[in-house]
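Residue numbers (the numbering used here), protein chains in the order written: chain A, 27 to 334; chain B, 27 to 334.
Hint data in this document are derived by calculation from the structure and do not stem from the laboratory.
Please note that the accuracy of each hint is not assured.
Stated by the list, open to error - Some, not all, of what chain A presents toward chain B, calculated at C-beta under 10 Å:
| no. | residue |
| --- | --- |
| 1 | C43 |
| 2 | I47 |
| 3 | L149 |
| 4 | P150 |
| 5 | R157 |
| 6 | P193 |
| 7 | N194 |
| 8 | S250 |
| 9 | S261 |
| 10 | I262 |
| 11 | L263 |
Unchecked claim - Here are the computed lysine to any residue pairs in the SDA-like style, where the Cα-Cα straight-line distance is at most 20 Å:
| no. | chain 1 | residue 1 | chain 2 | residue 2 |
| --- | --- | --- | --- | --- |
| 12 | A | K143 | A | S329 |
| 13 | A | K223 | B | E183 |
| 14 | A | K223 | B | K218 |
| 15 | B | K223 | A | D224 |
| 16 | A | K223 | B | K95 |
| 17 | B | K208 | B | G79 |
| 18 | A | K223 | B | D108 |
| 19 | B | K223 | A | D299 |
| 20 | A | K191 | A | Q328 |
| 21 | A | K223 | B | G79 |
| 22 | B | K223 | A | Y182 |
| 23 | B | K218 | A | R217 |
| 24 | B | K95 | B | D108 |
| 25 | A | K28 | A | L101 |
| 26 | B | K223 | A | I215 |
Note that beta-carbon positions come from the ideal geometry of N, C-alpha and C, so glycine has one too.
Protein chains: 2
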Amino acid sequence: MKEIKVFAPATVANVTCGFDILGFAVDQPGDEITLRKSNSGKVKIVKITGDGGALPLDTDQNSCGAVIKMFLNDLGTDQGIDIFLDKKMPLGSGLGSSAASSVAAIFAINELVGRPKKLEELLPYAMEGERAACGSGHADNVAPGLYGGFVLIRSYEPLDVIGLKTPNDLYATLVHPHIEVKTKDAREILRKQIYFKDSVKQSGNVAGLIAGLLTSDYGLISRSMHDYIVEPIRSILIPGYDEVKRAVMDLGALGAGISGSGPSIFALSNDHDIANRIAAKMKTIYAGFEIESETYVSKINQSGPKIL
Amino acid sequence: MKEIKVFAPATVANVTCGFDILGFAVDQPGDEITLRKSNSGKVKIVKITGDGGALPLDTDQNSCGAVIKMFLNDLGTDQGIDIFLDKKMPLGSGLGSSAASSVAAIFAINELVGRPKKLEELLPYAMEGERAACGSGHADNVAPGLYGGFVLIRSYEPLDVIGLKTPNDLYATLVHPHIEVKTKDAREILRKQIYFKDSVKQSGNVAGLIAGLLTSDYGLISRSMHDYIVEPIRSILIPGYDEVKRAVMDLGALGAGISGSGPSIFALSNDHDIANRIAAKMKTIYAGFEIESETYVSKINQSGPKIL
Numbered sequence: 027m028k029e030i031k032v033f034a035p036a037t038v039a040n041v042t043c044g045f046d047i048l049g050f051a052v053d054q055p056g057d058e059i060t061l062r063k064s065n066s067g068k069v070k071i072v073k074i075t076g077d078g079g080a081l082p083l084d085t086d087q088n089s090c091g092a093v094i095k096m097f098l099n100d101l102g103t104d105q106g107i108d109i110f111l112d113k114k115m116p117l118g119s120g121l122g123s124s125a126a127s128s129v130a131a132i133f134a135i136n137e138l139v140g141r142p143k144k145l146e147e148l149l150p151y152a153m154e155g156e157r158a159a160c161g162s163g164h165a166d167n168v169a170p171g172l173y174g175g176f177v178l179i180r181s182y183e184p185l186d187v188i189g190l191k192t193p194n195d196l197y198a199t200l201v202h203p204h205i206e207v208k209t210k211d212a213r214e215i216l217r218k219q220i221y222f223k224d225s226v227k228q229s230g231n232v233a234g235l236i237a238g239l240l241t242s243d244y245g246l247i248s249r250s251m252h253d254y255i256v257e258p259i260r261s262i263l264i265p266g267y268d269e270v271k272r273a274v275m276d277l278g279a280l281g282a283g284i285s286g287s288g289p290s291i292f293a294l295s296n297d298h299d300i301a302n303r304i305a306a307k308m309k310t311i312y313a314g315f316e317i318e319s320e321t322y323v324s325k326i327n328q329s330g331p332k333i334l
Numbered sequence: 027m028k029e030i031k032v033f034a035p036a037t038v039a040n041v042t043c044g045f046d047i048l049g050f051a052v053d054q055p056g057d058e059i060t061l062r063k064s065n066s067g068k069v070k071i072v073k074i075t076g077d078g079g080a081l082p083l084d085t086d087q088n089s090c091g092a093v094i095k096m097f098l099n100d101l102g103t104d105q106g107i108d109i110f111l112d113k114k115m116p117l118g119s120g121l122g123s124s125a126a127s128s129v130a131a132i133f134a135i136n137e138l139v140g141r142p143k144k145l146e147e148l149l150p151y152a153m154e155g156e157r158a159a160c161g162s163g164h165a166d167n168v169a170p171g172l173y174g175g176f177v178l179i180r181s182y183e184p185l186d187v188i189g190l191k192t193p194n195d196l197y198a199t200l201v202h203p204h205i206e207v208k209t210k211d212a213r214e215i216l217r218k219q220i221y222f223k224d225s226v227k228q229s230g231n232v233a234g235l236i237a238g239l240l241t242s243d244y245g246l247i248s249r250s251m252h253d254y255i256v257e258p259i260r261s262i263l264i265p266g267y268d269e270v271k272r273a274v275m276d277l278g279a280l281g282a283g284i285s286g287s288g289p290s291i292f293a294l295s296n297d298h299d300i301a302n303r304i305a306a307k308m309k310t311i312y313a314g315f316e317i318e319s320e321t322y323v324s325k326i327n328q329s330g331p332k333i334l
């Protein structure tokens with residue numbers, strides 16, 4: 027194989043009560059990456075198209091470049107690679123943009139050189155790609171991006187990632203309003219200490235959400251999708267959040283929350299029509315605020331990256 | 027039917043990371059209650075045998091009496107009932123002693139008068155029985171006692187109780203050392219505020235434990251049975267706790283923790299021999315401290331109370 031083209035999906039992390047531990051992948055949007063073997067002996071980012079104009083072309087600073095370089099290094103090969111990244115999703119949206127690039131890159135390079143490593147061995151590389159892009163090697167976007175479906179990050183030390191079988195009819199609606207929320211700000215406004223009783227309530231919902239997903243109990247999923255700790259604080263950074271949430275719940279969403287650290291908002295539903303109606307409503311609300319937005323509707327992505 | 031005899035099981039609440047939200051029932055120990063219809067028009071506690079010497083015979087203060095009186099009241103009948111309670115488990119042990127009495131009583135009276143209410147309708151009564159005995163109407167002992175198995179209390183307002191299907195080969199070993207730990211003290215030493223990062227770690231384990239139980243993944247159950255918040259504080263009240271925990275983990279337990287608010291300690295394992303070896307070791311360790319103890323080994327009870 028001389029060339030490969032791979033799609034990797036956007037992801038939603040911090041799924042309501044599952045802050046830092048629960049994420050899922052969607053069918054769209056996502057990133058497309060093309061890797062082509064070269065004789066240069068170097069990993070080179072040739073071109074970034076789509077929404078990726080602001081991304082660095084420097085190999086080490088770019089999540090795609092960094093992760094491929096590291097991978098080839100570990101294999102002990104100086105194979106040259108030309109990278110063409112088509113960024114089909116917004117940056118800084120809270121939809122796991124850097125994770126999608128990182129996952130696309132590591133999945134593609136592993137396939138291109140004959141699949142020397144197993145899927146689970148690719149996760150630490152994808153996390154390093156996140157580190158190159160964001161400064162910290164979180165797994166709650168790259169893990170669902172790589173495995174598909176809902177993923178639980180039970181622990182970081184040691185890393186313990188568990189794929190969760192999820193119900194068939196689960197749809198995600200996403201809206202990305204054109205607002206800037208800096209991940210750093212979103213981190214810093216969180217309280218360092220919380221009430222233990224809130225933590226207990228939150229853990230009841232985490233337990234309920236996991237049980238609901240694993241037993242396809244949509245009612246339980248819905249009753250469990252509440253976040254007493256992070257949403258009340260972070261939603262302040264997102265204009266229109268309360269209106270959107272109220273409206274999508276009125277339309278029949280199972281639940282809704284901030285995607286990652288925002289500004290994107292996600293809603294889950296168990297009906298395709300409802301998912302579409304939610305998208306239309308999200309767009310209308312932001313149009314009312316004179317804020318541009320994109321919306322996306324898809325099933326929960328069950329397969330992770332795919333070769334195009 | 028003129029008379030009925032019912033067994034209700036002991037229960038373990040606060041299952042490691044699942045403080046206040048997760049409990050399970052065991053096959054032994056437990057309570058036996060006999061109810062006999064009388065013509066007195068009154069609910070009367072005739073006799074308490076076994077380990078129940080310290081319990082009040084006054085109907086309203088005793089969880090059995092209070093719960094039966096309330097139930098008959100709601101049915102609008104003045105049927106007289108004579109109660110004989112055979113307390114086959116220690117009081118104040120952290121094994122859900124008052125819950126077992128309360129569950130036995132409400133299950134038995136419902137059967138005795140022709141089963142006018144469904145099982146789930148009995149839960150609020152059993153909780154009121156807890157309130158009569160302990161001053162607060164917690165569900166984390168009565169719910170597993172009534173339903174059997176592992177039970178999640180997702181929420182109290184509104185009450186949302188979810189039975190969790192659990193693996194076939196799951197054994198509980200319990201030790202009740204003869205130490206007094208007052209529930210009130212155990213509550214009061216808990217911190218009101220905790221670090222958010224500890225809460226996130228704990229919720230990862232809650233999620234892992236639920237997923238492990240529902241998918242019969244013993245490894246995941248084991249990796250998830252850690253409590254960063256309550257155990258470090260409450261275990262101070264239980265002499266020998268650290269020794270017991272270390273020893274049972276060395277013997278191959280999946281995990282171990284404080285049962286309820288102590289002093290009893292439970293361990294889970296997926297092998298009957300290991301469960302028995304753990305019991306023997308627990309007894310030996312407490313004997314070494316010159317503290318008397320009882321131990322119990324059983325499968326997770328899957329059926330709740332039963333008619334004898």
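Structure-based check of each hint:
The interface hint given for A/C43 is met, as the beta carbon of that residue sits about 7 Å from the closest beta carbon of chain B, less than 10 Å. With a least beta-carbon distance of about 5 Å to chain B, the hint placing A/I47 at the interface is held under the 10 Å criterion. A distance limit of 10 Å between C-beta atoms decides the matter here; for A/L149 the minimum to chain B is near 16 Å, and the interface restraint is violated. Because the beta carbon of A/P150 sits about 18 Å from the nearest beta carbon in chain B, more than 10 Å, this interface hint is broken.
A hinted interface residue such as A/R157 counts as satisfied when its beta carbon comes closer than 10 Å to some beta carbon of chain B; here the least separation is about 19 Å, so the hint is violated. Annotation: interface hint on A/P193 violated; nearest CB of chain B at approximately 13 Å, more than 10 Å. Interface hint at A/N194: violated, since its Cβ lies 17 Å from the closest Cβ of chain B, which is beyond the 10 Å cut-off. Interface restraint check for A/S250: the shortest CB-CB distance to chain B comes to about 6 Å, inside 10 Å, so the restraint holds.
Given hint, A/S261 at the interface with chain B, is violated; its Cβ is 17 Å from that chain's nearest Cβ, farther than 10 Å. Of the supplied interface hints, the one on A/I262 is violated, with its beta-carbon coming no nearer than about 17 Å to a beta-carbon of chain B, more than 10 Å. Below 10 Å, beta-carbon pairs count as interface contacts, and A/L263 has none with chain B, the closest being about 17 Å; its hint is therefore violated. In summary, the hint linking A/K143 to A/S329 is supported, as the alpha carbons are separated by about 18 Å, within the 20 Å threshold.
A threshold of 20 Å between alpha carbons decides the hint, and for A/K223 with B/E183 the separation of about 13 Å falls inside it, so the pair holds. The straight-line distance between the Cα atoms of A/K223 and B/K218 is roughly 7 Å, inside the 20 Å bound, and the hint therefore holds. Pair hint B/K223 plus A/D224 holds up; C-alpha atoms about 13 Å apart against a cutoff of 20 Å. Note on A/K223 and B/K95: the hinted pairing is violated, with a Cα-Cα distance of about 33 Å set against a maximum of 20 Å.
Only pairs whose Cα atoms come within 20 Å are accepted, and B/K208 paired with B/G79 is accepted, the gap being roughly 18 Å. Taken as a hint, the A/K223 and B/D108 pair is broken in the structure, with Cα atoms around 41 Å apart against an allowance of 20 Å. Between B/K223 and A/D299 the alpha-carbon distance is near 38 Å, which puts this suggested pair outside the 20 Å criterion. Restraint check for A/K191 and A/Q328: the C-alpha separation of about 9 Å stays at or below 20 Å, so the hint holds.
Distance check on the hinted pair: A/K223 and B/G79 sit about 35 Å apart at the alpha-carbon level, beyond 20 Å; violated. Note on B/K223 and A/Y182: the hinted pairing holds, with a Cα-Cα distance of about 12 Å set against a maximum of 20 Å. Straight-line distance between C-alpha atoms of B/K218 and A/R217 comes to about 15 Å, which keeps the hinted pair within the 20 Å bound. For the suggested pair B/K95 and B/D108, the alpha carbons sit about 11 Å apart, so the restraint of at most 20 Å is met.
Restraint check for A/K28 and A/L101: the C-alpha separation of about 18 Å stays at or below 20 Å, so the hint holds. With a C-alpha separation of about 14 Å, the suggested pairing of B/K223 with A/I215 holds against the 20 Å cut-off.
Hint compliance for this structure: hints 3, 4, 5, 6, 7, 9, 10, 11, 16, 18, 19, 21 are not met, and every other hint is.
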